[in-house]
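Full structure from sequences and hints, please.
Listed in order, the protein sequences are those of chains A, B, C and D. Position 227 of the first sequence, counted from 1, bears residue number 227 in the working numbering, the numbering being contiguous throughout. Position 207 of the second sequence, counted from 1, bears residue number 1207 in the working numbering, the numbering being contiguous throughout. Position 151 of the third sequence, counted from 1, bears residue number 2151 in the working numbering, the numbering being contiguous throughout. Position 77 of the fourth sequence, counted from 1, bears residue number 3077 in the working numbering, the numbering being contiguous throughout.
No lab work stands behind these hints: they were computed from the structure. Nothing here was measured: the structure is a model prediction, and the numbers come from that model. Do not rely on the hints blindly, as some may be mistaken.
No farther apart than 16 Å at their CA atoms in a straight line, the calculated lysine to aspartate or glutamate pairs in the EDC-like style are these [claimed, not checked]:
1. K3170(D) with E3191(D)
2. K3159(D) with E3148(D)
3. K3058(D) with E2186(C)
4. K1211(B) with D1199(B)
5. K163(A) with E183(A)
6. K1178(B) with D2146(C)
Residues from chain C that keep clear of chain B, each with C-beta distances beyond 12 Å, as calculated [said to hold, decoys possible]:
7. S2079
8. A2085
9. L2088
10. L2092
11. R2107
12. R2109
13. A2133
14. Q2184
15. V2282
16. V2283
17. M2289
18. M2291
19. Q2293
20. I2308
21. R2310
Pair by pair, the computed Cβ-Cβ distance ranges are [unchecked claim]:
22. P3099(D) with L77(A): 56 to 62 Å
23. W2131(C) with L76(A): 44 to 50 Å
24. Q1137(B) with F2302(C): 35 to 41 Å
25. F124(A) with P1405(B): 51 to 57 Å
26. I273(A) with K1353(B): 50 to 56 Å
Every residue gets a Cβ at the ideal spot worked out from N, C-alpha and C, and that includes glycine.
Here is what each chain is made of, one letter per residue.
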Amino acid sequence: MILPELVVLGVAYGLLFGVLALGLTLVWGVMKVVNIAHGDFVTVGAYSSYWLFTLAGVHPILSLLFTIPFGFGLGLLVYLGLVRRVANAPELMSLFLTFGLSTLISSLLLNLYSPNQRGVPISFPSINGLGVVLPGSVAIAAAYSVVVAVLLRLFLRRTFWGKAIRAVTEDREAALLMGINPEAVSLLSFGIGVAIATSVGSIVILLQAVTPTVGGDFTLLSFVIVVLGGLGSPLGALIGGVVIGVVNNVASLYLNAAVTPAIGFIVLVVVLIVRPSGIAGLKPD
Amino acid sequence: MGTEGESYKRTRRLDAAILAFVVSKARRALGRAAAAGIVIILIAVAVGGYYYYQTLPTAPTGPSTIKVGMTMPLSGSLEADGVMSLDGLKLWAHNVNASGGIYVSSLGRKVPVQLIYYDDTSATSVVSTDYQQLVAQGVNFLVAPYSSGLTLAAAPIAEANHLLLLSHGGASDSIWTKGYKYVVGVLSPGSKYMLPVIDMLKNLNSSAPLKVAFFYGNDAFSISVVNGASAYVNSTSGFNIVYKQSYDESATSYTAQLSQIAALNPDVLLGGAHFVDGETIMKNIQSLGLHFKMVALLVAPDDPHFLSDLGSLAGYVVAPSQWESSLDFSSFTSYFGNITSSQFFTQFNSTYKMPPNYEAAEAYNTGLVLQRGIIDSGSLNSTVVRNQLSSENFYTFYGKFQLGPTGIQAGHTMVVMQWQSGAKKVVWPKPVATSALVYPSP
Amino acid sequence: MKPNPQRLAPLALPVAAAVLLYVAPNYAAGTSLPFIILNWIVLAESFNMFAGLTGYVNFGHVVFYGVGGYIGGLLMANSMASPYAAVLAGGLGSALLALGMSLPTTRLRGAYFAIATLSINEAVFVIFDNWDAVGSAPGFTIPIADYLPLQVYYVMAIVAALCVATMYFMTRSKFGVAMQAIRQQEKTASSIGVNAAFYKTVALVISGFFAGLAGALAIWQIAFIDPTNAFDVRVTLNSISMVMLGGLGTVVGPIIGGTLLYGVGDYLDRRYPFLHLIVLGVVIIGVVMAMPQGIVGASRRFFQARRIRREESEGDGSNSRDLAHL
Amino acid sequence: MVLSDVNFSLAEGEILGLIGPNGAGKTTLFNIISGMLKPDRGKVLFGGRNITGKAPHKISRMGIARTFQIPQPFPEMTVLENVRAASMFSHGGGKGRLPKDPAEICGLLGLGGKKMHEPARRLTGGEKKRLEVARALGTSPGLLLLDEFAAGLTVAETKWASEMIRKLSKEFGLTLVWTEHVMRVLMRTVERVVVLHHGSVIAEGAPEAVVKDQGVLEAYFGGSSA
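Structure follows, in structure tokens:
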């Protein structure tokens, strides 16, 4: 039974990249910053977990306890030092800045850690059920994604700052009138965005090896997912991730594996033509 | 609402007004553009002047160094390979210069080697620009960048300027089908990579035909490897190709395709492309709980990191290899170079704090080939050295060197290695094997 | 007479021509460095024609470069046309592609447009990567007989001059006013009779034409093409950086940005082959922090502020409001 | 916003007041007339021609100009450039009695002199409102749609606005439709009023008659319909 297996795999991978895209869409929604360096923060997280494992024997899942606060702190610093200057500036400006940041991060990693690929020799038993085999590491990735998504939803719905983030996403000026400090909201959401990226890095190192330049692929993937789901919509990002994951996996049944990556992009272009604001764009979550 | 005539006149008047507006704007803007133009010209002159002084002849009598020019992908998608190759060449230059340089008989003295290298960022447009500049800087010889695509971008410049271009990391056979005379291959071409693996399988003498699945990267190198291999498989009996597809190397997982392949129940999985994809394939195979009697991948298993990244997952994976540190050719006649495989391994490891892979050995060997050509021809002229190389036939620590008519490497042969209990073992061909093949893998 | 750089205006064109025609090919280490700088100027200027004027980020700019390169390259490789005709065909092919691309995409706003064009880039890459008739992933080469660096350089210089001139007339005409209006307030623009979709399409087509010429010329020079290089997203990102460094929407911005970014990058690569990208990253971040308007914008502000200060000191206090703003 | 059963006509040179509480559909109606929204049903006729669903730029060229409730000038252009841009693209279907010179139009709206060369983004709220009108006039329209022109203006400015509107109609023969949420100024200026509520016309007639209409009062001050 290949088809159900591919669908399950697609959903699992899609959830992880959906969560990654969640971090991007949060930043995008709040401050309209197009963060090209988003994927490079994944690389930073993956390298952190790699070194924690190699030098101190810390299991990558345990290293989440480090990469999450580390990413959050890094995000705050990057926001205060750099991104603050381009928040709400024209898109090209933030694009330019974060491209510079991306170049800086990947070339720093390259010079610090050499261009060699890094991976951790950890494996998990796979899960069998209903005739479907799900690799253990992929199951962990999916479980982690669900936890993050649920926590984030609770945060956005239940807490003051979460509500503030939603308010700023929907209408910055109205939020200002309501006494919300958009600057603080931007700071917070950038911190969360980067923390999500670095923590996804800790999971990614379980699935594959990384190199200093692998971040670009993650950025591209998150972009597509975010737009597919609709800008600034967390639920849309998850849906978009799952759609891309399933489409890519199922398409590989019928098409040459080298062609399948294009399917996601073609789906996106078609969706945009039919519905210019994405799948979930019309009902901001 | 206005007649046609009126509106026409109005349009005319408006157009005149626009024209006047445009002209007045243009005059002012021209002034501004001129000021900016002058700034640009100053920059251009400064850049021009800089290069003019760079290209001024430095010494009037004979070259003080042998200039070997190259670019390497030190950033971008091929950076890992580029750095490895550059390190190999740097080690060669270091060793040559430690002994005073290369003896050039036409000059009657030893001349030290100077490597001139730039980062081509894995982009052909930069390769093209940089090689032209290397030519303008008066290099004596050129070394190609890593990878077939980048080598193909450097080739026309070498050809047009009659400079020797030594290819150490461009394996695609297509490099030697274009009629370039100055492009010389040091490594075995792609079409020959998998042939010893297939010979080895044939030697197993299995009763039923072996079912083979090809799953490989969609790039010039991997395609030429698999095309060469599948043609060879088709020309011999005892094999049955059940699957043949290429994949996108930037994919984050191959679980979908691997599940499909496993459903076809092949004995042997052949393919791969580079580092990260090769490791991902192994991780996916393990996590899906799949088992093949043999997995043979390109490039990735040969890298020492393969073991540290994958641990026990690396077990019994097979790879074709250009070179292994256990190979010893020092007893072969016409052996060249003051270094053996194990010496190279030790020296590289202590210099760069990491073990060399075959890319580093290829690059070091490229230096040796150039050295041999210069010594035997006694000249620093690229054309003379190129002609000399066509008649050479010798061994180095890397293996045999002998050129085919187009400049393709015909003497060197691949070996097959297998990870056994955390160590790389050469398992084929039998005369150089350090261990027997474990098949089927447990 | 006060020294006034504007009085030197009539000299600028002949001097620039002399630099391009004589000085560069003879002294700047062959033709390759000036060639590639001109190539980047055309890529950046053509990006600027659309993005700088309309405010829409075409994230798939490299598609025009790559498709132009493929069309030109295929014609040259199969000796179906003279290289000059092949280059022109590359430009026209990309212009046609731009026309096709504009139909679905000009309806999209802001980031949606950017990502849709990025997706088109990826899709086109995969198509060429698997299309055997055009060489698929390994690409193809152009016969050595067509390898004529000096000719390519001169054609490149002419194309660059045409491209800058086109941008000049695009900004200094009714067309430029329409583009400004669309960029600043698209809804208002249509309310005063500006056909936004038409102008955006025309701008994209012209942008595609020049980027296609640049691609075909690059392939003529490199003599080899494969999908990885032809549709490299870094080409788009570099074009954006050059435009932003020089000044978005300005005519001379891409000239300055292209020359500086590639020139300085090349110099750094020569000196520090392992560190040049770190420096590039720092430079980009520094530019955004210090000169968000780019070099042209920053110098404009500088001169404006100086002029106002001079007028102030001459007793004309009427501009005090402007000064307060600056 | 939903509009239904909105039916009224305009005479040349007339000033029509379009009133109604917030959300009555005034701006939606303007968006439909100016082509920014396409109606599901119904027709917009202009000078006997059906202009329903035409693109905004085409409608502008036929001689219908509009202002926006929240001023949306081209922020980086000067006042004069804003008006000049308008005069470049629409050759207007108007009577031709309006001044053609952009500078003169600026003067007419009290944006002459030094003000003319100031970037639009630096104008005050009231000045931006006037620029809206100036830009609309730049297209030489026959019909001008004024969206909440007086909202947010000072008392003196409001008075000036009222005179301005009358002048546009009497002196230049412009036809005007003016919406306003606050009725007072409008009632003093216009000749005829249409009252919109929940997307329908609930009253139509001379200002004096309409103010006394029970339905209108209920719509504004709440009542049985609320």
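Hint check:
1. Distance check on the hinted pair: K3170(D) and E3191(D) sit about 12 Å apart at the alpha-carbon level, within 16 Å; holds.
2. Distance restraint check for K3159(D) and E3148(D): the Cα-Cα separation of roughly 14 Å lies within the 16 Å cut-off, and the hinted pair is therefore satisfied.
3. For the suggested pair K3058(D) and E2186(C), the alpha carbons sit about 15 Å apart, so the restraint of at most 16 Å is met.
4. Of the pairs offered as hints, the one joining K1211(B) and D1199(B) holds, with about 15 Å between alpha carbons and a cut-off of 16 Å not exceeded.
5. Our distance criterion of 16 Å between C-alpha atoms is met by K163(A) and E183(A), whose separation comes to about 15 Å.
6. Using a Cα cut-off of 16 Å, the hinted pair K1178(B) and D2146(C) holds, with the two alpha carbons roughly 13 Å apart.
7. In this structure S2079(C) is separated from chain B by more than 12 Å, as the shortest Cβ-Cβ distance comes to about 14 Å.
8. No beta-carbon of chain B comes within 12 Å of the beta-carbon of A2085(C); the shortest separation is about 21 Å.
9. Its beta-carbon lying about 21 Å from the closest one in chain B, L2088(C) satisfies the requirement of being farther than 12 Å from that chain.
10. Consistency note on L2092(C): stated as away from chain B, and its beta-carbon is indeed over 12 Å from all of that chain's, at 22 Å minimum.
11. Distance to chain B confirms R2107(C) as a non-interface residue, since its nearest Cβ pair spans about 30 Å, more than 12 Å.
12. With a least beta-carbon separation of about 29 Å from chain B, R2109(C) lies farther than 12 Å from that chain, consistent with its non-interface assignment.
13. No beta-carbon of chain B comes within 12 Å of the beta-carbon of A2133(C); the shortest separation is about 15 Å.
14. Distance to chain B confirms Q2184(C) as a non-interface residue, since its nearest Cβ pair spans about 18 Å, more than 12 Å.
15. Once the 12 Å rule is applied to beta carbons, V2282(C) is consistent with being away from chain B; the minimum gap is 15 Å.
16. The Cβ of V2283(C) sits about 16 Å from the closest Cβ of chain B, beyond the 12 Å cut-off, so the non-interface label holds.
17. For M2289(C), the non-interface assignment is confirmed: its Cβ lies about 22 Å from the closest Cβ of chain B, beyond the 12 Å cut-off.
18. The Cβ of M2291(C) lies farther than 12 Å from every Cβ of chain B, with a closest approach of about 15 Å, so its non-interface assignment holds.
19. Every Cβ of chain B is farther than 12 Å from the Cβ of Q2293(C); the closest lies at roughly 14 Å, confirming the non-interface assignment.
20. Against the 12 Å criterion, I2308(C) stays outside the reach of chain B, whose nearest CB is about 17 Å from its own CB.
21. With a minimum CB-CB distance of about 17 Å to chain B, R2310(C) clears the 12 Å threshold, and the non-interface call stands.
22. In this structure the hint that P3099(D) and L77(A) lie 56 to 62 Å apart at CB holds, the actual value being about 58 Å.
23. Restraint check, W2131(C) to L76(A): a C-beta distance of roughly 47 Å satisfies the suggested window 44 to 50 Å.
24. A C-beta distance of roughly 38 Å is found between Q1137(B) and F2302(C), which places it inside the suggested range of 35 to 41 Å.
25. Taking 51 to 57 Å as the suggested C-beta distance range, the pair F124(A) and P1405(B) conforms, at roughly 54 Å.
26. Checking the proposed 50 to 56 Å range against I273(A) and K1353(B) shows it holds: the Cβ atoms sit about 53 Å from each other.
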